[in-house]
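Note that the protein sequences, when read in sequence, are chains A and B.
Using the working numbering, the first residue of the first sequence is number 166, and each one after it goes up by one.
Using the working numbering, the first residue of the second sequence is number 48, and each one after it goes up by one.
Hints are computed from structural coordinates only; laboratory data are not their basis.
Among these hints, one or two may not hold up.
As the list claims (entries may be wrong) - Which chain A residues stay away from chain B? Per the calculated CB distances, all over 12 Å, these:
{"id": "1", "residue": "Leu374"}
{"id": "2", "residue": "Ser614"}
{"id": "3", "residue": "Thr639"}
{"id": "4", "residue": "Lys784"}
{"id": "5", "residue": "Tyr868"}
{"id": "6", "residue": "Val1269"}
What the hints assert, rightly or not - Straight line, CA to CA, 27 Å or less: simulated DSSO-like cross-link-like pairs of lysine-lysine:
{"id": "7", "chain 1": "B", "residue 1": "Lys398", "chain 2": "A", "residue 2": "Lys1241"}
{"id": "8", "chain 1": "B", "residue 1": "Lys118", "chain 2": "A", "residue 2": "Lys653"}
{"id": "9", "chain 1": "B", "residue 1": "Lys118", "chain 2": "A", "residue 2": "Lys295"}
{"id": "10", "chain 1": "A", "residue 1": "Lys346", "chain 2": "A", "residue 2": "Lys295"}
{"id": "11", "chain 1": "B", "residue 1": "Lys478", "chain 2": "A", "residue 2": "Lys608"}
Built from N, CA and C at the ideal position, the CB exists for glycine as well.
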Amino acid sequence: MTAMQKLLQLPVNAVNMVKTVQSQVQGQEEDKSPVLTPDSGQQAWYSALQPDELRHLRSGGTGGGGGGGGGGGDQEERAPLEEGGGSGGGSSFQTQPLRHDDLKEMLDSNKDSLKLEAMKRIVAMIARGKNASDLFPAVVKNVACKNIEVKKLVYVYLVRYAEEQQDLALLSISTFQRGLKDPNQLIRASALRVLSSIRVTIIVPIMMLAIKEAASDMSPYVRKTAAHAIPKLYSLDPEQKDQLIEVIEKLLADKTTLVAGSVVMAFEEVCPERIDLIHKNYRKLCNLLIDVEEWGQVVIINMLTRYARTQFLNPNINESLLEEGGSGDKTFYGSDEDEDEDEEEKEKKAEVAAMAKRKPYVMDPDHRLLLRNTKPLLQSRNAAVVMAVAQLYFHLAPKAEVGVIAKALVRLLRSHSEVQYVVLQNVATMSIKRRGMFEPYLKSFYIRSTDPTQIKVLKLEVLTNLANETNISTILREFQTYIKSMDKDFVAATIQAIGRCATNISEVRDTCLNGLVQLLSNRDELVVAESVVVIKKLLQMQPEKHSDIIKHMAKLTDNIQVPMARASILWLIGEYCEHVPKIAPDVLRKMAKSFTNEEDIVKLQIINLAAKLYLTNSKQTKLLTQYVLNLAKYDQNYDIRDRARFIRQLIVPTEKSGALSKYAKKLFLALKPAPVLESPFKDRDHFQLGSLSHLLNAKAGGYQELPDWPEAAPDPSVRNVEVPEWTKCSSREKRKEKKVEKPFYTDSEGESGPTESADSESDSATGSESSSGSEESGSGSESEESKEASESEEEEEEEEEEEKKKKKKDLKKPVQESESEQSSEEEERKHQRKSKPRKSESESESDEDEESESESSQSESEDSESEAEVKKKKKPAESKPPPKPVKKESKKEKKEMSLLDLDDFEPAPSPQVTPVNTFLSNSLVTDLEGLSLSDSVLSPATIAPSSTLKSYELLHRITGEGLSVEYCFSRQPFSPDANMVAVQMQFTNNASSDTKNLHIEDVKLQSGMRVKEFPEIELLPAGETATAVMGIDFCDSTQAANFQLCTHTRKFFVSIQPPVGELMRPVFLTENEFKKEQGQLMGMNEITEKLTLDVKCRNEHTIVQRVTTAANLSRVPCGSDKECSPPLPPPDHPVHRFAGRTVTSGSLVLVTVATKEEGAAQLTVNCEKMVIGTMLVKDILQALTQ
Amino acid sequence: MNHSQGFLKDIQISCLVVGWLLSNTASIILSFRVWGGQSMTDSAPSWFFYSAEMIHSLFLINHLGDIFLEKHWKSVISRSVCDYFFEAREKAVDPENVPPVLQTPHHYLISIYRGKLFFLSVIQTEVPPLFVIEFLHRVADTFQDYFGECSESVISDNLVIVYELLEEMLDNGFPLATESNVLKEMIRPPNILRSVVNTLTGGSNVGETLPQGQLSNIPWRRAGVKYANNEAYFDVTEEIDAIVDKSGTTVSAEIQGVIEACVKLSGMPDLTMSFMNPRLLDDVSFHPCVRFRRWESERVLSFIPPDGNFTLMTYHISSQNLVAIPVYVKQSINFFEAGSCGRLDITIGPKQTMGKTVEDLKVTIHMPKAVLNANLTATQGNYTYDCTTKMLVWDIGKLNPQKLPNLRGSLSMQTGVPNPEENPSLNIDLKIQQLAISGLKVSRLDMYGEKYKPFKGVKYVTKAGKFQVRT
């Protein structure tokens, strides 16, 4: 310490001292001796050197003469590396010392420009990986240079070489120490940054001090730098861990977004096991997340995933229990099904009752908070952030909500190929566990011939994982094109994939097998070989049927040279020799002939074949077997010799041979289990997705295991924050606190058990609306209290908010109303929080004073936020609280399986929402408001979910004896027949026993109509849901298609009657085309109706939405003529046009909605088919006016 | 060939030996430290000494396999670590097929391939691979932004600026400043005028004033922006990714849209952009400046723009929606067993062009290896066939609906080689001006927070993305 202090007091340009040190240091030639570890400094090098080399270096150093730059010895080493670098041009080693002298001179000069030039050349040397360490003394003097660029370059140099020249590096420390006290925050920060980057052990105490000071700096930027410095110091000296944890703890409490990412990064590096430090900051981190810079977001999300795994309960844990419960309640449902609402309510009550008994799963509100706050980040432009959120949802979200990530992941597939590579790996793992999630995006995984091979193979993997009975035909068709590819590795992978599809989906096994057999005549040997291997595996499943294939393959032995394929064929023939009794001995004969020239694996299989034939057909093959075994006896490979010896003893009975030979037949010809073709990505999800370890499928250094869910949730109150003044978290937290502190606040709370209260808290205000009146009043009074404390300006804000709220309310349909309203509100609030500090920042000059001001303003806005929350809570109490959303909410939280009961729920009148979508978490519902576009993935296993699909009931649970079926018109082209309307059916088995052999029989149709049935569903286990698509050609009429739906026990008469709007498919027309077509469909073909638009339906997109929901039409883009001009405001009374064609006859259907003043409008439908036109007018009219 | 491989192996072995020696010395030092310090209380696993950064080192490698730049954020890692990469590179044949993540005994190598350069980063501990990949691409983007292109020559010419940039972008292996606006305040991009002035006066590229960008909550915008002409331009570009099969039916089609903005507005403008038909936008991702919540609730883009060029948003219209395909292709490519020749006949016509003309039409075909040469006639445009890369490029230009362009003729094949089984697929490039094929339209752009009236403009372009016709 004393020595160091002395050093620090030295003048910066202590040239004399530098000179003497220099000659000692010269020897450190680093170029040829790359250092692998951070710790090999000077000493490391010396101890690693051979003694005579050392001598050589020393003599060189002295011989080269004092200040003369490099010694002779190391110059020789450097010379070849220096060539071509820098400006020297044709340099030889004589010029080397000169050139460095040159640089030194420049550095010593008074001119900044010369210094700069020298530094630039030195940095260029470093960049090219050349050694510039002998310039250290000359460079370090310039650390105090006034010129910023020189200074920066000196920093670059220092950080690079300080470790090697520790003593000299100390000369610069005082400069940085001075910098740490600078009034300018940026200078303070950069001083700390460089100081902490200098890896010199002796300055650890100084660094520690500097970090501690910076951690309490006024400027958040300096605090951020302090957070960055923590891992640097830790890697330099792990003994500082305890002190560093203190600093981390302090910084974790920081409220600024700037610091959050960096400190969590430090936390992850230094003490990832200290999960307890996160408790108090958990909610804050969740709330700050969206404003943190993108790299920080990744780190925080990954950390929070681990945290949540230790603190919350598995949201999917009660699934099986709930299924039981669902079927148990069945009689209850049966008793009253008259009104949906009623039933919903009772259902909920019944659930609650059942829950209470069963100790139900209730999602911790903090768990929900995390899920809700990360979701918008799926829209990030940064692939790493999207991936981080995706893995968080995959590991933490309830099954029903995981689907939201699929869309974002599919989007990433458009990105750089490296990104694709990583994303596809993760999608492959996910698609095994949650196939339904990616099924709608099947086409996005189709392969292009221009994709790199590794991407192709991964896409193939995903396609294979996604294959099921409904889509296998399209997938196989794709595979067929892939097999012709020029990329042979890819073709091989495709053949493997076909094999896997064949094993997994029994319906297509024969088709696949036939296809593969055809490939056996392929010209490319690799293709044939791969097919043989796959066929072998497939045949093992049912060999009896396919003896002709085995024969065919026996013939191939003449041509195929690939060892693996030959071995496979031989094994097959041996294994199933009784199916090909004539051919097998002949094959053995041929093989015996070529035995010596075969590869080892083939030889082994020849021996196997011989042994098996000997056992079954010894008359014909005895001599051949003897011959083969004799050949093998003298083989070069000891494995083969051993095998021959072993087999001879086993099969040829001699006096010596023991009991074993009796069992030889059993040993050799035992029935072998068919191989299971599994995805290599199976079970990879025990690694945290998105991690390096997952990608490599091996634990990488420093990987933090993803913990298993706890059995019982740890105490959630640890996340409560004591000082509520500034907490920016939602009032939920506050409420919770109050609960903890004053349990007497409301009586009901005391009474209701812990689950009950958790439930009521569960998601913002809904809980309080729902459960009990007493609690409501409690929260009401609470809000009044805090309202008084509020400031007027914030109230203004709130008023605005309320106005918005009202507007929204008008627009929204009741079911959605409270849920979405509240969440949107919350989001608005967040948005405000986000924008407000921004504004204040932007006005300020960003001096420290302003800094603190902006901070305070932030906390102010946070206050206002909680205010808003309180107010909101109050509001529902005043206005009539709609009962329905409440149910929804709680229902969703407790039981996502209630999805299955949906069919009892009449589709809501508004086109915006389908029942399926109302099941999304409340955060999802936010997406639905306005436009329900994004969450289509949620409904399980749908092929073409478009959120505007209405579902209809085909078979009720009661009449179906536990089997319920609902159908919707998926609005997808039905691929087997373009003239058919695709009807997507969703079967749900609510009964307690499995349903088998679901199929269609006895189709009764009007003339001309046709039906393409869905493939039979073999098994629908209890509680499961399955989807199938059938096609119906309705002949452009609304006649119903009647048929019987059969299970293995019963038949149900059902019928499907299409609304007229589903009998068409959208076509794309431009405005001009539209007008032209319309001109030809006048007179009788035109039907016009005047109407008054519904109040809720006067803006553009509701009209568009309602029309497109009522009928499968596409919007005609309007005003496509005035492109390049600056955007014009839309005309006051826009005209909306839609176009489509009927499915069967392809007649044009043109719809025009012209709006006028005060909601008046005119609806025109032009269609050749007048009946359709009339009906369509009626339907659209209804959609627009209700 | 064999010779050189053997040689390579030798080198690798010697590298391994050196590595082994060094790791030995390292452990010596380690133990030395333990004695020197008080006592090791923590039983830290060995990797603790190596860890504590995300990206350890970066190597830039050109297509010949030369390392022309290296940067270490902590201690120096030997270049020899790249040998593992070179090995994988050799195995992969195509640079695109090099696995982005490689495992070596002591390190993990994560690389990206951009502009014929490999950006190879060395890491030592667990880190999300996408994090590194995304960052490396950001580095490449920054180079592109600064120097106009991202190539070896340009990087070598600007080595010092590159080094300064890397220094700012990453601190101890963790990304620090990646916003181009912040970086440009600290390190000025080179331009001819300034470099002339600099050489005369000894000035520098480093900003004179300290940047404020990092300090604000709007890190993407610098303060005190002033323009004489305030203008904001938006380019809506849509790319059609499609696979069309032999019979002309669309197997899959998606639209990938991007809105690029060039905003030159003074002060702190707060912009709001709304669309005629936001319902079209299926899946979106935003520049960090866009307020998520506002989009979710009102479907408008509300943002304080960065200064200059940036990507406002990208969107995706998935294969579930109806996508208009602007052209159709009639093709027949046949290879005859006898005579070792083939015939090719391609005609392109307009399909759903919304009344606009298709421009810059180009067809690229990657022919099978057996095709030696092509003897074709084009009714419009001209074609080239590169015998080494087997690329047939037919540059058509503007599509004339009255007289459809056609390319036909014979292909000469290598004799004695079996005919290729697969017909090559056609990749199509095209451009349609003043049209967003999805029908997306910007309805208005409003500005708040500033008093002046800016000039606003929107331009639409449709292009073919990965547009492939199978034959």
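If any of the earlier hints don't hold here, list their numbers in rising order.
Structure breaks hints 2, 3, 5, 6, 8, 10.
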